[in-house]
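Using the sequences plus the hints, can you model the full thing?
The listed protein sequences correspond, in order, to chains Y and W.
Following our numbering, the numbering of the first sequence begins with 1 at its first residue and continues without gaps.
Following our numbering, the numbering of the second sequence begins with 1001 at its first residue and continues without gaps.
These aren't lab readings, by the way, just hints derived from the structure by calculation.
No false leads were mixed into what you were given.
Listed next, the in silico DSS-like pairs over lysine-lysine satisfying Cα-Cα at most 30 Å (straight line):
(1) Y:Lys135 <-> W:Lys1199
(2) W:Lys1194 <-> W:Lys1269
(3) Y:Lys64 <-> W:Lys1136
(4) Y:Lys135 <-> W:Lys1195
(5) Y:Lys60 <-> W:Lys1131
(6) W:Lys1136 <-> Y:Lys135
(7) W:Lys1156 <-> W:Lys1195
(8) Y:Lys135 <-> Y:Lys64
(9) Y:Lys135 <-> W:Lys1269
(10) W:Lys1194 <-> Y:Lys135
Now the stretches of chain W that chain Y is said to cover, found in silico as 3 or more residues with beta-carbon under 8 Å:
(11) 1075 to 1084
(12) 1096 to 1107
(13) 1111 to 1124
Please read all numbers here as calculations on a predicted model, not as lab measurements.
Don't be surprised by glycine CBs; every beta carbon is placed ideally from N, CA and C.
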Amino acid sequence: MTMNESEAQRAAPFTAGATARAARTPTVKIRPSRGLFHLDLQSVWLYRELLLFLIWRDTKVRYKQAVIGAGWAVFQPLISMLLFTVLFSYLAKLPSDGVPYPLFAYAGLLPWNFIAQATSRSGTSLVGESHLISKVYFPRLIIPLAAASAPAVDLLCALLMMIPLMLWFGVTPGWQMLFFPIFVVIALLAALAVSFWFSALHVKFRDVGHIIPFFVQFWMFASPVVYPASLIPERWRTLYSLNPAVGVVEGFRWSLLGQRPPSLETILPSVGIVLILFVSGIVYFKRMERTFADVI
Amino acid sequence: MAEIAISARHVSKEYVIAGINHDTLRDRIAHGCRSLLGRQTAKKVAPRSFQALNDVSFDVREGEVLGVIGHNGAGKSTLLKILSRITEPTGGEVDLYGRVTSLLEVGTGFHAELSGRENVYLNAAMLGMRKVDIDKRFDAIVEFSGTQQFIDTPVKRYSSGMYVRLAFSVAAHLDPEILIVDEVLSVGDGAFQKKCLGKMDEVRRDGRTVILVSHDLPVVASLCQRAILLRHGRVVGDGQPQQIIEQYMSEAFTDAGVSLADRTDRYTKGELTVQAITFLDDKLNPLQPVMSGQHLVIRVHYRCHVRKVFKDMRVMVVINRDERASCIFSTDLVSRTPLDLEGSGYVDFHVPHLPLCGGRYFLHAAIENNIVTQDWVQYAAELQVLDGDYYGTGRMYPHDGWRGKGMFVDHSWRFERMS
Chain Y
1 MTMNESEAQR
11 AAPFTAGATA
21 RAARTPTVKI
31 RPSRGLFHLD
41 LQSVWLYREL
51 LLFLIWRDTK
61 VRYKQAVIGA
71 GWAVFQPLIS
81 MLLFTVLFSY
91 LAKLPSDGVP
101 YPLFAYAGLL
111 PWNFIAQATS
121 RSGTSLVGES
131 HLISKVYFPR
141 LIIPLAAASA
151 PAVDLLCALL
161 MMIPLMLWFG
171 VTPGWQMLFF
181 PIFVVIALLA
191 ALAVSFWFSA
201 LHVKFRDVGH
211 IIPFFVQFWM
221 FASPVVYPAS
231 LIPERWRTLY
241 SLNPAVGVVE
251 GFRWSLLGQR
261 PPSLETILPS
271 VGIVLILFVS
281 GIVYFKRMER
291 TFADVI
Chain W
1001 MAEIAISARH
1011 VSKEYVIAGI
1021 NHDTLRDRIA
1031 HGCRSLLGRQ
1041 TAKKVAPRSF
1051 QALNDVSFDV
1061 REGEVLGVIG
1071 HNGAGKSTLL
1081 KILSRITEPT
1091 GGEVDLYGRV
1101 TSLLEVGTGF
1111 HAELSGRENV
1121 YLNAAMLGMR
1131 KVDIDKRFDA
1141 IVEFSGTQQF
1151 IDTPVKRYSS
1161 GMYVRLAFSV
1171 AAHLDPEILI
1181 VDEVLSVGDG
1191 AFQKKCLGKM
1201 DEVRRDGRTV
1211 ILVSHDLPVV
1221 ASLCQRAILL
1231 RHGRVVGDGQ
1241 PQQIIEQYMS
1251 EAFTDAGVSL
1261 ADRTDRYTKG
1271 ELTVQAITFL
1281 DDKLNPLQPV
1291 MSGQHLVIRV
1301 HYRCHVRKVF
1311 KDMRVMVVIN
1321 RDERASCIFS
1331 TDLVSRTPLD
1341 LEGSGYVDFH
1351 VPHLPLCGGR
1361 YFLHAAIENN
1371 IVTQDWVQYA
1381 AELQVLDGDY
1391 YGTGRMYPHD
1401 GWRGKGMFVD
1411 HSWRFERMS
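So, in structure tokens, the structure goes:
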């Protein structure tokens, strides 16, 4: 669908009385959409406030009527950390690259929980909001965007817990902290890429709803969350790093804990795959978007 | 001449029927495997398509209120969804000049867990309003809805009336230049509907452009300046609302496909419905057209769809013309005998001398009691009346200017000279 809502028209909307129109250019043009790369991303920007409202709603509703509220965002990774420490460090004796295992696990759980949450929540988001899709117009990309971004609030809460943990284990962050925001962005892009694909597919194929929980579980064990990437034999490392979560998790650990830096051959394939999935995800989403309201 | 606000050119929408909802991953994979094995799919189902809209063109000028009417499946909803940008046309183009708001329902996106205040912001943002503008209007919205006390209570604790009032209040304060409305007016109680209509009238008087899609023909007749009639996805009528409504109604009665029993444009509980209305003479033979002054029997067939006795009901028929009620027949008005309905059957209203003058009338029928309306069908039947000699004097009208404008009432007169 082609929409041209100029910024000028949006700049002073909802003022009483008819605004004088200089030129007779349509405010909204409705045409059958053609072409694969007509992405119309500026309309997403025009609706940025709605995006923020939706993120805020998701966060608020999630912790409403829960006694410890947003405390869950911290509790969940802490409990997983304890469990993993007992299972994988104490019993299975997995190595942790010279970092205390609880800290190692927590630093891995931060990005992993974010990606897992974003995937499972946004994958079914379009169908979950079907009442909106059939009743009101706004750029549909907003829905998976909001659903995948809302867990970032949890990530922030969980990140705060990292400070006392690091103090406890006596680990001081170094200059590599500066790279941390970059890895957060990559994590976000990875989550969005998967979200666009899954949510658009889910509208047409409800099978996706059944696949996602599996997929997330499988994905975790294919990512260096409970074990270090160094455990993977050297010759499989590049193939292994095609998993977008590998670069993200390794990057988080390195920038927070300062273990030895992840090699470029781990980071580059991950980032490359994230970018490919992200762009193709948007294109696929926009292509399917035309029929969402008819199929959903 | 006002400028054009909406211009629709050759708009079409085609739905592919096979493929919707039958498309699972399994089908895809199965199909993929078969083609890999080089085997053709046993029966290749040609995708059937359905043309929901076919070459629809119309213009709406600024300040015009356009009604869109048509039977179920005529393409009204599809047109509305295209104009609202919810779905795309498969052909043609639409240009809209001005800020557009479309209301397909009130309260879209209301979340039960959130407070009234939070929902106002969320809902308004969804309808395209910016936060600064919501801030400005917030007090007015709350005041209009009359929910001040509860504005920070989660809406799940609201009564349904409060919920709808708050939702409508947001919609009423959007202040667009072009408003596209579905039958949102058909929600809520009578008082609330009146409020909605008042607001619609206000919008009209402000010179906004409105497209109203409705089954509620009296509303279309009273609010709209122009109406278009859709049939099978095409525009088949465009003109004065009254004239278009008549065209729609005559189609309703000639179109054998839609019998009264099958009509879905009714307010019904689904348990007890009006099945048919027929006109008979005093010997109970079918009669149409009828003449003024004739003995007319209006037979209302009903059917209960559940095994239950509906106690103390009334069957009511309203006859109107030019959107004004002319006369009302109701079983409880003329008799105190309780009417218990069960199974199926009919009620005959006997009118010994039909007081209607020549013309075309519409009948609306209801089955209800004082608590609940079981079924209410507007434009349930059409009645053609020919001029007849009501008083048996050979005279029909006192003056030609009054022809067809009044009703006949039994009366007599007496002359007395005082001096």
